[in-house]
Amino acid sequence: MFKKKKGLLTVLLLAMLSVLVLSACGSKDSSGDQSKESGKNALEAIKEKDKIVFGVKNDTRLFGLKDPKTGNIEGFDIDIAKEIAKIILGDESKAEFKEVTSKTRIPLLQKGDIDAIVATMTITEERKKEVDFSDVYFEAGQALLVKKGSPIKSIDDIKKGTKVLAVKGSTSAVNIREKAPDATVLEFENYAEAFTALKAGQGDTLTTDNAILYGMVDEDPNYQVVGDIFTDEPYGIAVKKDSPELVQAINDALKELKDNGKYDELYKKWIKTSN
Amino acid sequence: MPDFSILTENWDMYIKGFFITIYTSLIGLIGSFILGTILAIFRIAPFKPFNWIGTIYIEFFRNIPLLIIAFFLFTALPTINMQLDGFQAGTLALIIYTSAFIAEAIRAGILSIPKGQTEAARSSGLTYTQTMRYIILPQAIKIVIPPLGNQFINLVKNSSILTILAAGDLMYQADLISTRTFVTFDVYIFVAIFYLVITIPLSTGVNYLEKRLARSN
Chain A
1 MFKKKKGLLT VLLLAMLSVL VLSACGSKDS SGDQSKESGK NALEAIKEKD
51 KIVFGVKNDT RLFGLKDPKT GNIEGFDIDI AKEIAKIILG DESKAEFKEV
101 TSKTRIPLLQ KGDIDAIVAT MTITEERKKE VDFSDVYFEA GQALLVKKGS
151 PIKSIDDIKK GTKVLAVKGS TSAVNIREKA PDATVLEFEN YAEAFTALKA
201 GQGDTLTTDN AILYGMVDED PNYQVVGDIF TDEPYGIAVK KDSPELVQAI
251 NDALKELKDN GKYDELYKKW IKTSN
Chain B
276 MPDFSILTEN WDMYIKGFFI TIYTSLIGLI GSFILGTILA IFRIAPFKPF
326 NWIGTIYIEF FRNIPLLIIA FFLFTALPTI NMQLDGFQAG TLALIIYTSA
376 FIAEAIRAGI LSIPKGQTEA ARSSGLTYTQ TMRYIILPQA IKIVIPPLGN
426 QFINLVKNSS ILTILAAGDL MYQADLISTR TFVTFDVYIF VAIFYLVITI
476 PLSTGVNYLE KRLARSN
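In order, the protein sequence lines correspond to chains A and B. For the first sequence, the positions run 1 to 275 when my numbering is used. For the second sequence, the positions run 276 to 492 when my numbering is used.
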């Protein structure tokens, strides 16, 4: 009896080991398979399986935020993705969502787990080496948040002694020192603390990416985003490198959304410059 | 061997932070000593309501994190129209927090003076305040010096609380330098040295004072 059990255990262990070894090989193989398969391009592959898997954020207010009650992710990114699926495949329910982070999104795309990234992803030259980008779908950039009625209307209103709040070590803190050298920059540990300090009147304005500032406005309508963005960090939709057909299809879809007013509708739904 | 270029290239920031830390420590030291002494007297005063106030204050403030006091003063006071900037709020928090510990140290010192001395002083016609001022406190201070020294050293180190209020102390400057240069270890090594430049003379001074006062016995 005991002997038998031991034998079973060995078999089990062996099985587990072989699975491990095989899966290691498998992952190598699969990339090879896919490149062989790519006689079909990425767009055709999507049409064939009749769904698009989008990688989206689940922790970013307004863009992709998981509702803890329903378990659904909601936001601008999600709505844009649904509309794109509707145009390419004819039905928005054919959009599937996978939660990604800034770290995991590119590896997941390259592995083929997701077809496209719609996750507040800034188009950069560096990233263009790894993925293909669609046209810009959101003009992100650094902006200013002020209390309603503040005399600060744009970055030009930052005078000597104006207290600008920022987050420690962020590029926005470095940028604002360059663009408004007279400002007194106070740097806090995180966005929550910086916003609390602004609410407590410890500063005149808070600066970071507009996407984050809009989230703060959403939380407290006594504040508003003012002026134009003064850095350029456009968000794009990323797909696997060398899939021009898919990029084209997404760009066409984006253009259609902008032309038929659907884009503006979604923009207004999520992004409120002031309440 | 730490990279000294970090120190030389960011010398201005280090020095600025160094002086803000010294400044807040000095104000904190004086403020918490005065407030602490008053609280200690409250705790042992022959008037019950004073005892209660002293006890409530001490037990409350020494049992919550300094961080909470500081952030409260910084963000909550403005709602009642008392605007304290980062430096003021941080220094006040240091005083409030440290005085609770100092009060306990001083109270222990006062209680260690035999009760017979108070009784003798009172029966020779001195008032309570006079007894305290001329008989008890001069003796208590000698006993209290070593624990007070500890509290002052803690105060200097705790002054890094100003960092979260963006008040520009040593630790804050170091955070800025390290997030900008992506060097952490070396940046903080120099910060440690700057703190030592303040605390080593402080503890040496306390030791010296202790010896001087012991001789006068």
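Don't take every hint at face value.
The list that follows gives simulated cross-link-like pairs (lysine-lysine, DSS-like), each with its CA atoms no further than 27 Å apart [said to hold, decoys possible]:
no. : chain 1 : residue 1 : chain 2 : residue 2
1   : A       : K163      : B       : K291
2   : B       : K291      : A       : K160
3   : A       : K199      : A       : K51
4   : A       : K51       : A       : K128
5   : A       : K179      : B       : K417
6   : A       : K262      : A       : K66
7   : A       : K66       : A       : K163
8   : A       : K51       : A       : K272
9   : A       : K82       : A       : K111
10  : A       : K159      : B       : K291
11  : A       : K268      : A       : K241
12  : A       : K241      : A       : K128
Bear in mind the hints are in silico, worked out from the structure with no lab data behind them.
| message | Need the list of violated hint numbers for this structure, in ascending order. | response | 3, 5, 7, 8 and 11
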